[in-house]
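Two chains, two frames, some hints: make the complex.
If you read the protein sequences in the order shown, they are chains A and B. Per our numbering, numbering through the first sequence is continuous, rising by one, with the last residue being 263. Per our numbering, numbering through the second sequence is continuous, rising by one, with the last residue being 306.
By construction, these hints were calculated from the structure, which means they are not laboratory data. Keep in mind that the hints are not guaranteed to be accurate.
One side only, chain B facing chain A, incomplete, derived with CB under 7 angstroms [stated by the list, open to error]:
# : residue
1 : His202
2 : Ala206
3 : Ala210
4 : Gly298
5 : Arg299
Think about it this way: if two alpha-carbon atoms lie no more than 16 angstroms apart in a straight line, the pair counts; the simulated EDC-like pairs of lysine to aspartate or glutamate are [claimed, not checked]:
#  : chain 1 : residue 1 : chain 2 : residue 2
6  : B       : Lys293    : A       : Glu95
7  : B       : Lys214    : A       : Glu95
8  : B       : Lys69     : B       : Glu41
9  : A       : Lys123    : A       : Glu134
10 : A       : Lys123    : A       : Asp158
11 : B       : Lys208    : A       : Glu108
12 : A       : Lys28     : A       : Glu65
13 : A       : Lys73     : A       : Asp83
14 : A       : Lys28     : A       : Glu223
15 : B       : Lys191    : B       : Glu137
16 : A       : Lys101    : A       : Glu116
17 : B       : Lys214    : A       : Glu108
Keep in mind the model is a prediction, meaning the values are calculated, not measured. Backbone N, C-alpha and C fix where the C-beta goes; we use that ideal spot for every residue, glycine too.
As a plain string of letters, each chain reads:
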Amino acid sequence: MTNTPTVSLKNVTKIFNPGQPNEVTALKNINLDIWPHEFVSLVGPSGCGKSTLLRLIADLTQPTEGTVQVNGKSAYRARIEQDYGIVFQSPTLYEWRTVAKNVELPLELMKYGRAERRERARKMLQLVELEGFENHHPWQLSGGMQQRVSIARALAFDPALLLMDEPFGALDEMTRERMNLELQNIWDRTGATIVFVTHSIPEAVFLSNRVVMLSPRPGCIAEIVDIDLPMPRAWEVREDPHYFELVNHLRDTLREIEGGMRE
Amino acid sequence: MTTARRAGTSSSERPSSRLPKPVRQALAFILIIVIIVILWEGLKWFAGDPWRPDNNPFGISHKPMWKLKIASDLNLPHVWTIIEAFGKPSRRNGPPLFEILLAASFFTFREAFMGFLIGGVLGFVLGTIFAHIRFAERGCMPYVVASQTVPILAIAPMVIIWLKAGWVSVAVISAYLTFFPVTINTLRGLKSPPRSAVDLMHSYAASKWAIMWKLRFPSALPYIFVALKISATASVVGAIIGELPSGIRDGLGGAILNFNQYYISGPQRLWATIIASAFVGIFFFVLIALLEKIVLSGRYPETELM
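Only chain B is shown next, with the shape it has when bound in the complex (with noise of 0.2 angstroms):
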């Protein structure tokens, strides 16, 4: 009997002294993250503004030898002073900004998940469709292809026109972002099972629907989670989109606007909410990145996240 090659040996036969996987990507994050502080402050350093004992907590003087538009501290604030916002109220007597925009990022999330749902639904009901359906595939296609080339700053404003302005009109210009996508990869994925597992099921006299719920929907589920990862962080850019035009001012759009509108008085305000609105996509991305690694668990030796 050959023996088994068992789940597991591999990773168990690696040196024990390195680290749980988890802890090396989170290990690898902050790292970045320093490397981008570090290249950050580096500029300020040799080409921003001066340095004042009050405008930095080591409460450093020094004056850059050269001069770059660039590294002022308008246009690229100080590390500290957008982490200090973030503490800070964004108007006389308000909340302190974080939980302006703590709000401001559940009311965005909301959409582009609304918006997600909606987009890939579509996209998956396309996808099958065109999949199963040579002509629509071929007639349909160039327009679904065509429908991603218009910019959504053009289609938002009419989708708001047509459904007014709310979050639904949001979700819906978030969704125009994200069906794309699933569209293309569930065809794709549908059609991906080789001739022999398909003979299989004909050899069982199985019906369409059983092919298609048994044997494509499985296959074609790891292409359509890569679509639903670039699906998550397009659906968060589509919704603070769809928010400019429709007036809406809880979301990150808004928030947006606005700080946008008092750049100069307090840029680190718009530095922090970009920051935000970083994180939202980072969330719903790693939301969907596990929900991937729970459904294809065991297909493969080693499902990798991300």
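In isolation and in its complexed conformation, chain A is listed as follows (with noise of 0.2 angstroms):
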């Protein structure tokens, strides 16, 4: 492991609409450093600003105050360079394009050759056990296999780093639990890092090595857990009394920053 952090924040704040009578206050003075291979989930009450924090270290948005850092250079570099795969809560697969074409479209836009791409594009699909449907369209796929389409989209061209705001959001429980396993999987074999936002505790506390919540308004860091299960996590994870504590541990926190809300 280096010394660099694969995200950096320093003192970040973001405010919508400065100066003007809308102006919100998105995040407050946001330290948080994310290393390599880490699994990080970003949890909190709606609002508290966790997926514009995400959007920040994808330098989809910029920070008013503070410095974001990727891997040691500027969030814009990162972005620049393609330091990272990002994945939003709706698949967001382009319709005209079959599924080993949405695959390989980054690919496309780095200029990667047709051979490599499509055999990247056939590597990926393997990876979220979709082999046989690359010639089909997104909407012949359910929901679940929409979103694993774009998971193998992000890590089509291997990003050391993953960013995902609420991919399994829209999914029924128990896609999403089979999604969880498979998530991990993946991180195991790609060695990414992954930052993760989510507004199910349980799920964060099933995948994470660290989980941070945040309070809303404005949104900055309440506690950052470190998650001790053991690793790689099996489905009956779910059922150690450890993880109960975390899980309870975490909902208690929140229940404290929605209290606090509410007064």
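This is the structure:
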């Protein structure tokens, strides 16, 4: 492991519409380092700025104050140099492209040759267990399968960092649990660093090394919890007493935050 | 593993006794023509001129109980008279009318097609500029809208003065009618991708050019095709109207003027020309609808024709 964090946020503040009547401080004074091959989840009540935090790392929006660094460079440079892959809540597949062509999209933009694009798309679809669906169109797949395609697309160019913004939020419970296992498997096999936004505390505890709890208005870090459950985690972890302890602890924290919001 | 919703499962589950879609569409088309003919002749049966054995193929003699001016043989010729007119020469010793109308239809279609191309490209370019440059949209859109409120009949003679009478000016007049829907729908379509689709492109540091051609343009295609289908029919109208003040006699516009002058001696010839004009519009529309079906194939469960 190197001494450079994969993601480094220093005194990051994000204000939307500064100086206007609808000014909102989404994030205030966030300090967070995420290390290589870590799986970090961002949780918190809705409106706490967890998605904004992810978008800051992705350089899809810029901080009002403070610095965001990815792999020791500015978030802007990291985006230009394609240091990360991103997965949104909606699969965001382009409906005019086949499954394979969707996975090839970033490779096309990065000017990979045709043969290599094909080969990588094939491998990635194998990784997410979608072999044989290369020539299907997105509408022919279920929601869970579509989201797996979007994960394959995010990983197609081997980024060291994977950003995921509530990727399983729109899926049903059973699909979601299976996707959790698959994601853990993918994380293990690719060695990527993953930053994962979710509103599900059990999901965050099951998947992560660390869970970052944010509190809203203005968004700041309420607590960081190390998840010291053994890796890799099998299904049974969900019945482990320590798993329950961690989930309950985070739920209590969330309740305190929400209690504070009501006052 | 979840099961994929494969293409075609829903349609194959339907009862197999149903006819294939193109056949059903053709039957519906024929059915509507039959209904129109029945209403048409029904009106003439009850309120038209007297039916004599020599003016209908059934040899019927019949005196309608009412008399309506609109249903007279001059205003509303019998369907068979119109059909017969296609086979008869319009001038003494001339070729049969359908030959003249076929040639006129090709002539007008060519003008309409040129106008459609000019209008389509112009509409697409304007829509693209407006989508990318906000002040261009704000500044120019009112004029684009205003241009459509000026009647084409006022514009047409001026275009002919500027560009001289000929198929070029007719194509320009036709383009004037066709660019507007393409502009509006291109603009709307280019702005249609959701934020996450655009964010995805930004995450790859894609250039504006790449975002345009790999995201915005493919997203806009369904919108553009809606406009092209409107423009296809409008371009035929534009071409016909453009022929009137330019003195072009080879197209459907010329034929309409000509048979309008001789309406009293042969109303069926003008009606035949109207039918020919309608067919040119329908032909063009179906052409674009087929192109749409090919271009958008695979995107949706079932791309609807028309």
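Restraint satisfaction for histidine 202 of chain B [CB to CB of chain A, less than 7 angstroms] = Hint on histidine 202 of chain B: holds, closest Cβ of chain A at ~6 angstroms, below 7 angstroms.
Hey, lysine 69 of chain B versus glutamate 41 of chain B, does the alpha-carbon distance stay inside 16 angstroms?
-> Holds - the C-alpha atoms of glutamate 41 of chain B and lysine 69 of chain B are around 14 angstroms apart, at most 16 angstroms.
Agreement of lysine 73 of chain A and aspartate 83 of chain A with the hint, judged by alpha carbon distance not exceeding 16 angstroms = Given pair lysine 73 of chain A, aspartate 83 of chain A holds - Cα atoms ~10 angstroms apart, limit 16 angstroms.
Going straight from one Cα to the other, do lysine 123 of chain A and aspartate 158 of chain A come out at no more than 16 angstroms?
-> holds (11 angstroms)
Quick one, are lysine 214 of chain B and glutamate 95 of chain A close enough, alpha carbons at most 16 angstroms?
-> holds (12 angstroms)
Keeping to a limit of 16 angstroms between CA atoms, is the pair of lysine 293 of chain B and glutamate 95 of chain A held or broken?
-> holds (15 angstroms)
Holds or violated: are the alpha carbons of lysine 123 of chain A and glutamate 134 of chain A at most 16 angstroms from each other?
-> Between lysine 123 of chain A and glutamate 134 of chain A the Cα gap is close to 11 angstroms, so the pair holds against 16 angstroms.
Straight-line alpha-carbon gap lysine 28 of chain A to glutamate 223 of chain A, limit 16 angstroms | Roughly 14 angstroms separates the two Cα atoms, so the pair holds.
Hey, lysine 28 of chain A versus glutamate 65 of chain A, does the alpha-carbon distance stay inside 16 angstroms?
-> Judged against 16 angstroms, a Cα distance of about 9 angstroms means the pair holds.
16 angstroms Cα cutoff - pair lysine 191 of chain B, glutamate 137 of chain B | Since the Cα atoms of lysine 191 of chain B and glutamate 137 of chain B sit roughly 13 angstroms apart, the hinted pair holds (cutoff 16 angstroms).
Please work out if lysine 214 of chain B and glutamate 108 of chain A have their alpha carbons no farther apart than 16 angstroms.
-> holds (10 angstroms)
Under the criterion of a CB-CB separation shorter than 7 angstroms, is arginine 299 of chain B in contact with chain A as hinted?
-> holds (5 angstroms)
Comparing the model with each numbered hint stated earlier shows that all of them hold.
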